[in-house]
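Asker: Chain order of the listed sequences is H and U. Mapping the first sequence onto this note's numbering, position 116 (from 1) lands on 116, and the numbers just tick up by one. Mapping the second sequence onto this note's numbering, position 179 (from 1) lands on 179, and the numbers just tick up by one.
The hints are simulated quantities; they were obtained by calculation from the structure and are not laboratory data. Quick caveat: nothing in here was measured; it's all calculated off a predicted structure. Treat the hints with care, since some could be wrong.
Claimed, not checked - Capping the alpha-carbon separation at 27 Å, the derived lysine-lysine pairs in DSS-like fashion look like this:
#1 K334(H) to K62(H)
#2 K74(U) to K60(U)
#3 K32(U) to K149(H)
#4 K193(H) to K32(U)
#5 K314(H) to K97(H)
#6 K97(H) to K334(H)
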Amino acid sequence: MKDKTTPSLETSKKDEKRYSTLNLGPTHPATHGIFQNVLTMDGETILGAEQTIGYIHRAFEKIAERRPYYQITTLTDRMNYCSSPLNNIGWHLAVEKLLGVETNKRIDYMRIIVMELARISDHLICNSVIGVDSGALTGFIYVFEEREKIYEIYEELCGARLTTNLGRVGGFDRDFSPTAIRKIRELMKRLPKILHEFENLLMRNRIFMDRTINVGSISAERALNYSFTGPCLRAAGVDYDVRVNEPYSSYNDFDFIVPIGQNGDTYDRFCVRETEMWESMKLINNALENMPEGKFNAEVPAFYMPPKEEVYSKMEPLISHFKMVMGEIDVPKKEIYHAVEGGNGELGFYVVSDGGRTPYRLHFRRPSFIYYQAYPEMIVGSTISDAILTMSSMNIIAGELDA
Amino acid sequence: MDIQILYKSGLIIVILLLSLVIAMYATLAERKIAGFFQDRLGPNRAGIFGLLQPVADGVKLFFKEEFMPATADKFLYVLGPSLTMLIALLGSAVIPWGNTLVIGNNVFPLQVADVNIGVLYVFAVTSIGVYGIMIGGWSSNNKYALMGAVRAASQMISYELAMGMALIAIVMMSGSLSLHDIVAQQHGIHWNVWYQPIGFFVFVICAFAETNRTPFDLPECDSELIGGYHTEYSSMKLGFYLFSEYINMFISSAMIASLYFGGYNFPFLHELGMSHNWLTIVGTFVLFAKIGFFMFLFMWVRWTLPRFRYDQLMRFGWKVLLPLAIVNIVATGVIYELFKK
Numbered sequence: 001m002k003d004k005t006t007p008s009l010e011t012s013k014k015d016e017k018r019y020s021t022l023n024l025g026p027t028h029p030a031t032h033g034i035f036q037n038v039l040t041m042d043g044e045t046i047l048g049a050e051q052t053i054g055y056i057h058r059a060f061e062k063i064a065e066r067r068p069y070y071q072i073t074t075l076t077d078r079m080n081y082c083s084s085p086l087n088n089i090g091w092h093l094a095v096e097k098l099l100g101v102e103t104n105k106r107i108d109y110m111r112i113i114v115m116e117l118a119r120i121s122d123h124l125i126c127n128s129v130i131g132v133d134s135g136a137l138t139g140f141i142y143v144f145e146e147r148e149k150i151y152e153i154y155e156e157l158c159g160a161r162l163t164t165n166l167g168r169v170g171g172f173d174r175d176f177s178p179t180a181i182r183k184i185r186e187l188m189k190r191l192p193k194i195l196h197e198f199e200n201l202l203m204r205n206r207i208f209m210d211r212t213i214n215v216g217s218i219s220a221e222r223a224l225n226y227s228f229t230g231p232c233l234r235a236a237g238v239d240y241d242v243r244v245n246e247p248y249s250s251y252n253d254f255d256f257i258v259p260i261g262q263n264g265d266t267y268d269r270f271c272v273r274e275t276e277m278w279e280s281m282k283l284i285n286n287a288l289e290n291m292p293e294g295k296f297n298a299e300v301p302a303f304y305m306p307p308k309e310e311v312y313s314k315m316e317p318l319i320s321h322f323k324m325v326m327g328e329i330d331v332p333k334k335e336i337y338h339a340v341e342g343g344n345g346e347l348g349f350y351v352v353s354d355g356g357r358t359p360y361r362l363h364f365r366r367p368s369f370i371y372y373q374a375y376p377e378m379i380v381g382s383t384i385s386d387a388i389l390t391m392s393s394m395n396i397i398a399g400e401l402d403a
Numbered sequence: 001m002d003i004q005i006l007y008k009s010g011l012i013i014v015i016l017l018l019s020l021v022i023a024m025y026a027t028l029a030e031r032k033i034a035g036f037f038q039d040r041l042g043p044n045r046a047g048i049f050g051l052l053q054p055v056a057d058g059v060k061l062f063f064k065e066e067f068m069p070a071t072a073d074k075f076l077y078v079l080g081p082s083l084t085m086l087i088a089l090l091g092s093a094v095i096p097w098g099n100t101l102v103i104g105n106n107v108f109p110l111q112v113a114d115v116n117i118g119v120l121y122v123f124a125v126t127s128i129g130v131y132g133i134m135i136g137g138w139s140s141n142n143k144y145a146l147m148g149a150v151r152a153a154s155q156m157i158s159y160e161l162a163m164g165m166a167l168i169a170i171v172m173m174s175g176s177l178s179l180h181d182i183v184a185q186q187h188g189i190h191w192n193v194w195y196q197p198i199g200f201f202v203f204v205i206c207a208f209a210e211t212n213r214t215p216f217d218l219p220e221c222d223s224e225l226i227g228g229y230h231t232e233y234s235s236m237k238l239g240f241y242l243f244s245e246y247i248n249m250f251i252s253s254a255m256i257a258s259l260y261f262g263g264y265n266f267p268f269l270h271e272l273g274m275s276h277n278w279l280t281i282v283g284t285f286v287l288f289a290k291i292g293f294f295m296f297l298f299m300w301v302r303w304t305l306p307r308f309r310y311d312q313l314m315r316f317g318w319k320v321l322l323p324l325a326i327v328n329i330v331a332t333g334v335i336y337e338l339f340k341k
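Please put together the full structure from these sequences, using the hints given.
Answerer: Below, the structure written as C-alpha cells:
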C-alpha cells in the first residue's frame with residue numbers, strides 16, 4: 001500500500017518545516033451552518049486561513065428582482081434566521097420609505113417590541129453558543145427555553161416560528177392579541193432571572209474568561225475599515241448603533257444605553273450582547289407601557305389585504321385583493337437605502353426601483369458577510385480553539401452570509 | 001489453598017462484571033444528571049425510568065455498521081479501542097473493595113491482588129491507557145483524530161506527573177505503596193484528606209485530566225475536533241472508547257475514595273457493635289457510596305464548566321499543579337519530621 005498518507009513521526013529529511021492543511025468545515029460541528037475555512041496549521045497554531053463562502057447561496061437578490069415587494073419579505077426570513085422578524089420589519093420599513101408611507105406611533109411601538117424580542121432571541125443564541133463551543137452546554141439549554149417562549153410569542157403574533165413573515169408593509173396584519181401581550185409580559189418577568197443565572201454561569205467564570213479575553217480581537221480602526229457594525233463594532237469601542245444614529249420606527253422616543261467594549265475581543269462581544277439584552281428588555285417594557293391607541297396598519301391599501309368578508313362580498317376589495325396577490329402594484333421610481341439595527345449589525349436594504357411591480361435591483365447589506373471577511377485576520381496566529389470561539393462570537397449565520 | 005484460588009477467580013469475575021455494569025449505568029446516570037442540571041428529563045423511554053437505556057444503547061452500537069476508513073491502518077485501528085478497554089478494566093485489580101471476610105478458618109480479602117506496589121501498578125496501567133487513544137487517533141488517518149491523539153498524549157503525560165507527586169506525599173505518610181495498607185491506616189475518620197488537602201485537590205484535578213473529562217476533555221472536544229481521537233470510529237469500537245471512559249471514571253473515583261477518603265473505612269465503625277463480616281459488608285457499601293459521590297462530582301463538573309484551551313491546560317499542569325504538588329511534598333516532609341510521634 002504505497003498510496004497511504006498516514007501521518008508519520010519521522011521528521012522531514014529536508015530542513016524546511018511542513019505545515020498541514022485543515023479543512024474547518026463545510027460540515028463541522030462548530031460551523032453552525034455551512035461554510036468552510038481552509039486553515040494552514042503548524043500543530044495547533046493557525047498560520048493561514050482562507051474562507052470560502054457560497055455553500056448555501058440561494059441568489060436572493062436575483063430572485064427578488066422577479067418578485068413583488070410583499071413577497072420579498074419571505075426571502076428576508078431566511079437570511080438571519082435567528083431573528084427573522086427583525087429582517088421582516090427592516091424590509092417593510094425599507095418599502096415604506098420607498099412608498100413614502102408614514103406609520104403611526106402604535107405601529108412603531110409594536111414594531112419595537114417585536115424587533116427587540118427578535119434581538120433578544122438572536123443574542124441569547126449567539127451568547128449561549130459561545131458557551132457551547134467552549135464546552136459549557138448547560139447555559140445554552142437554560143436560555144433556549146426562553147427563546148422558545150419568544151417563539152411562542154411569534155406564533156401568537158403571526159402563526160409561524162422560525163421563518164415568520166411577520167407584519168406587512170405599513171404595519172401589521174392583525175393587532176397584538178391579549179394572549180400575545182400576556183405572553184410578552186410573562187416573558188419580561190421570567191427573562192431577567194434566567195439571564196442572571198446564565199451570566200452567573202459564564203460571565204465571571206475563570207475558565208470562560210481565560211478562553212475569551214484577548215481572543216479574536218480586532219481594533220476599532222480595522223473594524224471600521226472592514227465596515228463592521230453592530231455588537232462586533234461596539235465591542236471594539238466604536239459607539240455606533242443604527243437605532244441611535246439613524247433613528248427609525250420612533251426609537252428616539254426611548255431612552256436606552258448603547259453598550260460599548262474596549263478590546264473588540266470575544267469576551268467584549270459577549271458582554272456587549274448581554275448588556276444589549278437588558279436594554280432590549282427595558283425597551284420592550286417601556287413600549288408596552290406607553291403603547292398609544294390607534295390602528296395597527298397604515299393607509300397603504302395596495303399592500304394591505306382587505307378583510308376576507310369584504311373580498312367575498314364587494315367588488316373593489318376583490319379587485320384589490322387580486323391585484324395585490326398577483327403583485328400588480330406600481331411603486332414610485334426611486335433609489336433608497338434603509339438600514340435597521342439587526343441582530344448582527346446594520347442590516348441594510350438598498351432598493352433601486354424603476355417603477356414596475358418588482359425592484360430593479362435589490363441589495364441586502366448583510367453584516368455576517370462583512371464580518372466573515374475579517375475572519376482570517378482575526379484568527380491567524382491563534383489556535384484552533386480560539387478560531388472556533390471567534391467564529392461563534394461574531395455570530396456568523398450561514399443564511400445571512402450567503403443569502 | 002484451592003478454595004482461595006476459586007474465590008479469587010470468582011472475585012475477578014464479579015469485579016469485572018461490576019465494573020462493566022457500573023460503567024453501563026454511569027452512562028445512564030450521566031444523561032439523567034445532565035437532564036437534572038439542564039431542566040429536562042433525560043432518557044425515560046426504554047424501561048421504567050429509562051433503566052434499559054444502556055442496554056438499548058449497547059444493542060444499537062453492536063448492530064451499527066462497522067465502518068473503517070479506507071486509508072486507516074486496519075490492525076492499529078482495531079487495536080486502539082481494544083487496548084483502551086483492556087487497560088481500563090485492569091485498574092480494578094488492586095483496589096481494596098472491602099476488608100476481609102472470615103468464614104470458618106478461611107480469610108477472604110475483598111481485593112483481587114494485594115500487590116506491595118499497588119499504587120505504582122495503578123499508575124503504570126493508567127499510563128498505558130493513553131496508548132489506546134494515541135493508536136486509535138493516529139491510525140484512523142484523520143487530522144482531527146490525530147490532533148485529539150496528540151492532545152491526549154501530552155495531557156496525560158503532563159498530568160500524570162503532578163498526580164504522582166501528589167501521591168508521593170501520601171506514600172511518605174503511610175510508608176507503604178500497597179493500597180491495602182494505605183486504606184487500612186485511614187481507620188475511623190483519620191482520612192488522608194484531612195492531612196493532605198493540597199495533595200487531594202491536585203489529585204482530583206489530575207484525575208479529571210486523566211479520564212479526559214470536562215474541563216480537560218480536549219482529546220475529544222466535540223466543538224473543535226468533531227470527536228477528537230474517536231472521530232472516525234463507529235459501532236462498538238466507538239462504544240469501547242466511550243465505555244472505557246466511564247470505567248476509568250469508576251476506577252479514578254475508587255482511587256480517590258481509597259487514597260483520600262478512607263476507602264471502606266467510616267467513622268464510628270467500632271461503636272456499631274457489629275461482627276467483623278458485617279462491618280466488612282457495610283464498609284464495602286460505604287466505599288461504593290463514596291465512589292458514587294465522586295462519579296457524581298465528575299458529572300457535576302462536566303455539566304457546569306467550560307473547557308480549557310490546549311496551551312492553558314499545559315500551563316496549568318506544569319506551572320500550577322506540579323509546583324503545588326512539589327511544595328506539598330516538602331511541606332509534608334517538614335511537618336512529618338517536626339510532629340512525628
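Asker: Would you mind marking each hint as holding or not holding in the structure?
Answerer: These are the hints, each one checked on the structure:
no. : hint              : verdict
1   : K334(H) to K62(H) : holds (19 Å)
2   : K74(U) to K60(U)  : holds (23 Å)
3   : K32(U) to K149(H) : holds (24 Å)
4   : K193(H) to K32(U) : holds (24 Å)
5   : K314(H) to K97(H) : violated (31 Å)
6   : K97(H) to K334(H) : holds (10 Å)
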